[in-house]
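Novice: The residues making up each chain are set out below.
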Amino acid sequence: MKSAHGKIGLQIALVLALTAAFPAVQLTAETCLSPYIKGLKAPEKIMYLWTLPAAANSGPDYLAVIDVNLASASYGKILKKIHVGSSGNEAHHMGFSDDRTKIWAASLNSNRLFIFDVSDPMQPKLMKTIDNVAKTTGLSGPHTPYAIPGRILVSMASGPDGTGPGGIAEFTNDGEFVASHKTANHPYETVIKPEFNRMITSSWFPQKTFMSAPDKWDPKEWSNPNTMLVWDLKARTVIQTLSGDPINLAARWMLKPGAKYGYNISTAGNSIWMFRMEDDGKFSYRKAADTGAGCGPADLRQSPDDKYLYLTCFQGSEVQAWDISDPDNIKLHDTIQGVVQPNMMHVTFDGHRLYFTNSAISTIDYSPRYSMQLIQIGPDGRMKLDPNFKIDFAKAPDGPARPHDMLLN
Amino acid sequence: MKYGLALLALVWSIAPDSALRAAEVPGPVSVNPNLSVIARAPAFTLHDTLGNAVQLSDYQGRVVLLAFIFTTCPGVCPLISQQMSVLQTGLKQEGFFGSKANLLSVTVDPKTDTAAVLAEYARTYGADAAGWRFLRESPEKTKPVLKAYDEWTKLLPKGEIDHPARVYLIDQKGNIREIYSLAFFNETQALIDMRKLLGEAAP
Chain A
71 MKSAHGKIGL
81 QIALVLALTA
91 AFPAVQLTAE
101 TCLSPYIKGL
111 KAPEKIMYLW
121 TLPAAANSGP
131 DYLAVIDVNL
141 ASASYGKILK
151 KIHVGSSGNE
161 AHHMGFSDDR
171 TKIWAASLNS
181 NRLFIFDVSD
191 PMQPKLMKTI
201 DNVAKTTGLS
211 GPHTPYAIPG
221 RILVSMASGP
231 DGTGPGGIAE
241 FTNDGEFVAS
251 HKTANHPYET
261 VIKPEFNRMI
271 TSSWFPQKTF
281 MSAPDKWDPK
291 EWSNPNTMLV
301 WDLKARTVIQ
311 TLSGDPINLA
321 ARWMLKPGAK
331 YGYNISTAGN
341 SIWMFRMEDD
351 GKFSYRKAAD
361 TGAGCGPADL
371 RQSPDDKYLY
381 LTCFQGSEVQ
391 AWDISDPDNI
401 KLHDTIQGVV
411 QPNMMHVTFD
421 GHRLYFTNSA
431 ISTIDYSPRY
441 SMQLIQIGPD
451 GRMKLDPNFK
461 IDFAKAPDGP
471 ARPHDMLLN
Chain B
2 MKYGLALLAL
12 VWSIAPDSAL
22 RAAEVPGPVS
32 VNPNLSVIAR
42 APAFTLHDTL
52 GNAVQLSDYQ
62 GRVVLLAFIF
72 TTCPGVCPLI
82 SQQMSVLQTG
92 LKQEGFFGSK
102 ANLLSVTVDP
112 KTDTAAVLAE
122 YARTYGADAA
132 GWRFLRESPE
142 KTKPVLKAYD
152 EWTKLLPKGE
162 IDHPARVYLI
172 DQKGNIREIY
182 SLAFFNETQA
192 LIDMRKLLGE
202 AAP
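Chains as they are written, first to last, in the numbering used here: chain A, 71 to 479; chain B, 2 to 204.
Just so you know, these hints were derived from the structure itself, not from any lab.
Mixed in with the good hints, there may be bad ones.
As the list claims (entries may be wrong) - On the chain B side, residues computed to face chain A include the following (Cβ under 8 Å):
| no. | residue |
| --- | --- |
| 1 | 29 |
| 2 | 30 |
| 3 | 33 |
| 4 | 34 |
| 5 | 35 |
| 6 | 37 |
| 7 | 39 |
| 8 | 43 |
| 9 | 154 |
| 10 | 161 |
| 11 | 165 |
| 12 | 167 |
| 13 | 181 |
| 14 | 185 |
| 15 | 190 |
Heads up, the beta-carbon is just placed ideally off N, CA and C, and yes, glycines get one too.
So here's chain B without its partners, still in its complex pose (with noise of 0.2 Å):
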């Protein structure tokens, strides 16, 4: 446990500032991204993790990273939960985070992500709910958001949930306009992108 904690601690300690310096040099990423209107963003009303309802509408006129994840994952969403912390270090740099810039991660698995489970990951990963909340539902309302998004989930042998690991970039006015998959997904790119939506003309 000791370990445990303290390799995270070291993770945690190198990446943000490093990402910051990735951004001065922009190296594999793209500085003009083409962020074309791929498709309307499916409405939704999920609850956060006290319990307040929220709704892809209240964010209108805010740019949202919508995540899919699950607590127990054992494969790439920590990781990008790990991302998005680095993300929320560089939103809030660029003065974005919370008022113009909104990071939301949905659980694709409420049955073992209850309330306290979720707050307590979010915890983990400093999320700052000023401006990054962690979404639930019941296992039935949460099914319909997740069909909306293409976001299947399937259950394999040994108890692990299969799902597409797709990260969502939505604009100001509620059209998605990049998809990301988490085994690829690069928080200094994903910041240029929200960047770049921020400097298109008000609607």
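Extracted from the complex, chain A is given alone in its bound form (with noise of 0.2 Å):
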């Protein structure tokens, strides 16, 4: 017994010692995903890809399952196509489960949530649908998924009826209803730092006006598109509202444990903004860059040593990348021009691989040439795109599709 009190005790004092040396965030999760979800540490095998038809209710959404391993055969291929058995929900976002095991695919226009297994990450298939979620959580346009502890909070853009404010519905990883928490404007994307207990949340337009055409919406339908609300996270409640430039979509805290700031873009201001929490506790908000007239920022990513961010010009086809290693003078590093009409990206948790897609919303999207590809990022966060890697989804064999969000694993 002796001995058995010594090996325990010598291997906790280890664990300790290197756990005080190397802070909690090494076990969790890689670049842009929740804090709490296990991280992949490890090469990407397959990529989970939530589409949609091109045409309106030409066919029902589905989760494109995509070969990326680059030591097999099918490499850069469709697996399989795994139909959600309903049309016209507007694939959207979709969020990994803390543990990893489910993959929340939110759909802006049906309010409907899809939950896929994949606890077999080579065989997901869909295990519910949850039906209905503005009668449920009294809000509409579920957004983005995003993992806490066992739960789900899904940014919801509206009220149940697709106009006025939204807020944060929450759920087990199950499915079931937890909470609704009302906000004063239409909740986009998700961040939290677990060690400050803070979770900030960007913002966007109501469910009937991004399912609109752009020629038809009225500014009557919104409110406070301009704003990123600071939350006391244990509490679910607002504690400051951060004012800036409109339609602040991505949004991404530095990865660094302990790291105060972050940064989110604005599509209507084309420019970065940059968010501190000041030693008070406040949170300070100032433009940190602009990113040119005409950019129309979609999506940004970070990479995993806080140096670089990336962004994708929807309106400019450009992709760009920024050198963030001085905080407060962020600056343009590298662009690749030409890549019509790119949004969403997904960095690898090593930081050398960013695979991107070019559809935002069926009410936005200006070209058809839908597909996605690779860009290889060099150690100096430089980037090129990749010839060798193209699904091409305007001349899908069973109908041109529009590729939006996108989970490794």
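With the hints as a guide, dock the two chains, each given alone in a separate frame, to form the complex.
Specialist: Here is the structure:
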């Protein structure tokens, strides 16, 4: 028994010492995912891509399962499509559960949420469809599913009829409704920094607006699309409202443990903004850079070392890399031009590869040349379009499709 | 060995006091946590290290913090047990320990974690059985309990066990009111959460 005691004591001491030296973030997710998600620490083998047919109601939305294992004979091919059994959902964003065994897929238009079982990563299955989320939660327009321990927070753009302010809906990983947390704006994306008990949500438009053609958008239907909300995460209450340029979509908190700042994009402002928790606990918010007129920023991703940001110009057909190693003086570092309508990105755990798709929403897309492509990122943060990887969704055998959000396993 | 135990003693001597000081200064913790009912806590019957049957329903009327661990865990399990040790100190100081608030650590690896191994592990962390018990069952009987808590286990190539690493806060009525990530567990926040549940009106 004495030796067992000594063995356990030594083991505990070493682990505690190591934990103190290398904080908990090591144990958590790769870049741009909720920090609570179990991390992928090896090159990706499979991609899940949430996709909708290009023509309205021409078939069910589907999860495309794509081989991204470089060593595989079917590398770069769609292995299967898991149809969700309904059309017109407007497949959009996805999120893993904290234990990485489930994918929640949100549909902007139908207020349905789909849960895929990916406990066997190579054999994903649709395990549950949550219908009529608006009735259950009092909110509509589900945008981003974001994992917290044992639960999923879904940013919801609007009230139950698709107009007015939205909020955050909270579910168990299995899809049981827990609570709704209403806001004064239209939540788009969520970022959490657990060590500070802080959550930030960005904002855009109510469902009725973004599911209409832009020339029909009525300013009377929305409120505060220029606000970022700072939450006391545990209390689920908004403690500060930050105001900047309009339509502040993707937001990224720096990954380094204890990092007090992050960035978000403003689509209407063609700008990058910086939020920072100051010494008094309050957040400052300021414009960090202009992306250039005509860019129309659509997505923002970060490198795992907090040195680079990657930004898609949806209107400008460009991918930008920003050097943020000097956080208060960020600089445009590199660009790839001529990639039509780029939108969602996904950076790998090692920061070496960046996949991107080029459909936003069926009401907003301006080019039918849908595809998923790959950018190789060098150690200097510079980007090169990979000529050996492209999935052409414009010429998909069963009809053109709009590819949107991606997850890797 | 000597070095390891000395280091352990050093960490031990610092941690409880610093946590209590932190409790006075909320900092990043929330003083008014939202503890919505998440789900009904699945019932279980397991055994403590002395062989006594322990049911979740035994704790009706008390608040329970339930952690899933294994003693050979090279990752966060030792840290959570150390943090629960600090929490034990806090609960004792507030007069909740045992009578109103209890800690339970359930092994996900009962094959390795025999009653003797668990008992030794509990001693190492200074667990006071009056309010903190370490539980196990046979692998066959453990499996449905783990499944009920969505606490799957996966054997990794080097013999380590991967599992979701969650801690559950269960209220006096047997409802799950909070789920913590082991990686970001904050014992000061857990103390505040338990205090809030204990302050709720009796059923």
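Novice: Against this structure, judge whether each hint is valid.
Specialist: Now for the hints, and whether the structure bears them out:
1. 29: With Cβ-Cβ at 5 Å, under 8 Å, it holds.
2. 30: holds, 6 Å
3. 33: For residue 33(B), the interface hint holds, since the closest Cβ of chain A sits about 5 Å away, which is under 8 Å.
4. 34: Status holds, d = 4 Å.
5. 35: holds, 4 Å
6. 37: For residue 37(B), the interface hint holds, since the closest Cβ of chain A sits about 4 Å away, which is under 8 Å.
7. 39: At 6 Å from the nearest chain A Cβ, residue 39(B) passes the 8 Å test, so the hint holds.
8. 43: violated, 12 Å
9. 154: violated, 11 Å
10. 161: Where the cut-off is 8 Å and the nearest Cβ of chain A is about 13 Å from residue 161(B), the hint is violated.
11. 165: Status holds, d = 4 Å.
12. 167: Holds. Min distance 5 Å.
13. 181: This interface hint holds because 6 Å falls under the 8 Å limit.
14. 185: holds, 4 Å
15. 190: With Cβ-Cβ at 7 Å, under 8 Å, it holds.
Of the hints listed earlier, those the structure fails to meet are numbers 8, 9, 10, in rising order.
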